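So the protein lines, in turn, are chains A and B.
Counted the way full-length UniProt numbering counts, the first sequence spans residues 1 to 120.
Counted the way full-length UniProt numbering counts, the second sequence spans residues 1 to 371.
Careful, some of the hints might be misleading.
[Unchecked claim] No farther apart than 20 Å at their CA atoms in a straight line, the calculated lysine to aspartate or glutamate pairs in the DMTMM-like style are these: (1) A/LYS40 - B/ASP89; (2) A/LYS114 - B/ASP89; (3) B/LYS349 - A/ASP73; (4) B/LYS87 - A/ASP73.
[Stated by the list, open to error] With beta-carbon atoms standing in for the labels, derived distance ranges: (5) A/GLU45 - B/ILE124: 45 to 53 Å; (6) A/VAL77 - B/LYS202: 38 to 46 Å; (7) A/GLY115 - B/GLY189: 26 to 34 Å; (8) B/LEU330 - A/LEU67: 43 to 51 Å; (9) A/GLU45 - B/ILE215: 42 to 50 Å; (10) B/LEU323 - A/ALA42: 41 to 49 Å.
To be clear, the hints were calculated from the coordinates, so they are not data collected in a lab.
In this text, all values refer to a predicted model and were calculated from it rather than measured experimentally.
For each residue, glycine too, the CB sits at the ideal point set by N, CA and C.
Spelled out from the first residue to the last, the chains are:
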Amino acid sequence: MFLFQQYDSFWIFLLVSLFIPFLAFSISRFLVSNKDGPEKLANYESGIEPKGNTWVQFQIRYYMFALVFTVSDVETVFLYPWAIAFEKLGLFAFIEVIVFILILIVGLVYAWRKGALEWS
Amino acid sequence: MTNIIKISEKELAQFFNELKIITTFSESIWILAYTLTLVLVVTTGVLVIVWLERKISAGVQQRIGPEYAGPLGIIQSLADGIKLLLKEDIIPAGSNAWLFTIGPAIVVIPVFLTYLVIPFGQNIILANLNIGVFFWIAISSVVPLGLLMSGYGSNNKYSFLGGLRAAAQSISYEIPLALCVLSISLLSGSLSTVDIVEIQSKYGFLSWNVWRQPIGFIVFLISSLAECERLPFDLPEAEEELVAGYQTEYSGIKFALFYVGSYLNLLISSLFVTILYLGGWKSSIPFVENFIQNISINYGINESFDVLKPVLDIFTTLSKSYLFLFISILTRRTLPRVRIDQLLDLGWKFLLPIALGNLLLTASFQILSIN
Numbered sequence: 001m002f003l004f005q006q007y008d009s010f011w012i013f014l015l016v017s018l019f020i021p022f023l024a025f026s027i028s029r030f031l032v033s034n035k036d037g038p039e040k041l042a043n044y045e046s047g048i049e050p051k052g053n054t055w056v057q058f059q060i061r062y063y064m065f066a067l068v069f070t071v072s073d074v075e076t077v078f079l080y081p082w083a084i085a086f087e088k089l090g091l092f093a094f095i096e097v098i099v100f101i102l103i104l105i106v107g108l109v110y111a112w113r114k115g116a117l118e119w120s
Numbered sequence: 001m002t003n004i005i006k007i008s009e010k011e012l013a014q015f016f017n018e019l020k021i022i023t024t025f026s027e028s029i030w031i032l033a034y035t036l037t038l039v040l041v042v043t044t045g046v047l048v049i050v051w052l053e054r055k056i057s058a059g060v061q062q063r064i065g066p067e068y069a070g071p072l073g074i075i076q077s078l079a080d081g082i083k084l085l086l087k088e089d090i091i092p093a094g095s096n097a098w099l100f101t102i103g104p105a106i107v108v109i110p111v112f113l114t115y116l117v118i119p120f121g122q123n124i125i126l127a128n129l130n131i132g133v134f135f136w137i138a139i140s141s142v143v144p145l146g147l148l149m150s151g152y153g154s155n156n157k158y159s160f161l162g163g164l165r166a167a168a169q170s171i172s173y174e175i176p177l178a179l180c181v182l183s184i185s186l187l188s189g190s191l192s193t194v195d196i197v198e199i200q201s202k203y204g205f206l207s208w209n210v211w212r213q214p215i216g217f218i219v220f221l222i223s224s225l226a227e228c229e230r231l232p233f234d235l236p237e238a239e240e241e242l243v244a245g246y247q248t249e250y251s252g253i254k255f256a257l258f259y260v261g262s263y264l265n266l267l268i269s270s271l272f273v274t275i276l277y278l279g280g281w282k283s284s285i286p287f288v289e290n291f292i293q294n295i296s297i298n299y300g301i302n303e304s305f306d307v308l309k310p311v312l313d314i315f316t317t318l319s320k321s322y323l324f325l326f327i328s329i330l331t332r333r334t335l336p337r338v339r340i341d342q343l344l345d346l347g348w349k350f351l352l353p354i355a356l357g358n359l360l361l362t363a364s365f366q367i368l369s370i371n
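Bound-form chain A, shown alone (with noise of 0.2 Å):
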């Protein structure tokens, strides 16, 4: 229906931009000749033998932030149909969502004190 056919044009310029890489790649590899060798198929460690292995356990921060987002988020997205649905929904929605949102910034401040945003 009237629904799914807006999004022709958004399935065609997918296809288009699925293509844009590919032609890029194609093209590189007919025109481009390699040579390669040890040396230059090192990994670059400022201009020395790389050390150890890259692929290792590494620092929580990172996942911190990540789970915070995660939940902001998620916050936002369910934020999304009440500004649209605004004016009809009226006073009684806008106290629902500062109560919603009250509850995240209680998270909010819990994860802010426990330090899950300090980096060091």
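Position chain B relative to chain A; hints supplied.
Just chain B now, kept in the frame of chain A:
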């Protein structure tokens, strides 16, 4: 098993036919032509931005900048692009080749896709989706995935750190950005980009959203700069610490894709600043509109006005957004880089509460004005 598949195929085909998803062939060809035109125009726009950036940076630092390729060096960026296309494409021995190759593609594809909802003029838009701005927010959050993949896949310590930083940075600044867009759509009562611009045209430039959302405007500007990884916030590629961040191992066409992707992102951010806060394609200067009307009445050339109007629309949109590009280039040359902890503090402890407060303030004013 095969029977079930056949039956379900039939059902699916019927379903699709009923929904009329498959439009006529000629219609698809037209859409394809529009899409290709848009891609070409946008890529040319990127070349212009690169040239502008080099020229303006040169002006700030009292140099001349590119001058040999074409008049004023205007095809320098095209020459650079062709050079990158002809460069050898190295995949490091220790890397995960699959992730390494697919990373830049995943960065570029969503950025191209977001141009779907950009209105350059009244009817000059590929698809006036009713989810408009939300489409941008949803699609653009795929980009950090590509950065993370290329950072991890390179098997290089600098790349890995750069990829992690890029992901942390773009997820931190996505929430203030989404909240600012939320306030705008609350004011407009719609997510469609066309509607948002139309609503800002009531009282000329006084009805632009900048005046109704000054806090949101500033927060949006800062967080879109951070989303584009522009200089005050270019932690993922901080040269002194991380060589080139997630791009360290990349060369040739894959590096070019990252490059094009970042400039496309910059262009789309400034286009969105124009659309959300500065009245989009509406020139909104009473003098100009009167002047054009007078001309068309005096000379009786309504038809030529019809031709002229889209050109004028596109010109207005692009000049507003290039103003923001100019500002971001100047920012790059004048502000020092922040530290990673300062960056995350700014995002989480300053912009996020302010954006939330701005949203609640907007909603309260809106409630008061309704009642």
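Hints the structure fails to honour: Violated: hints 2, 4, 6, 7, 8.
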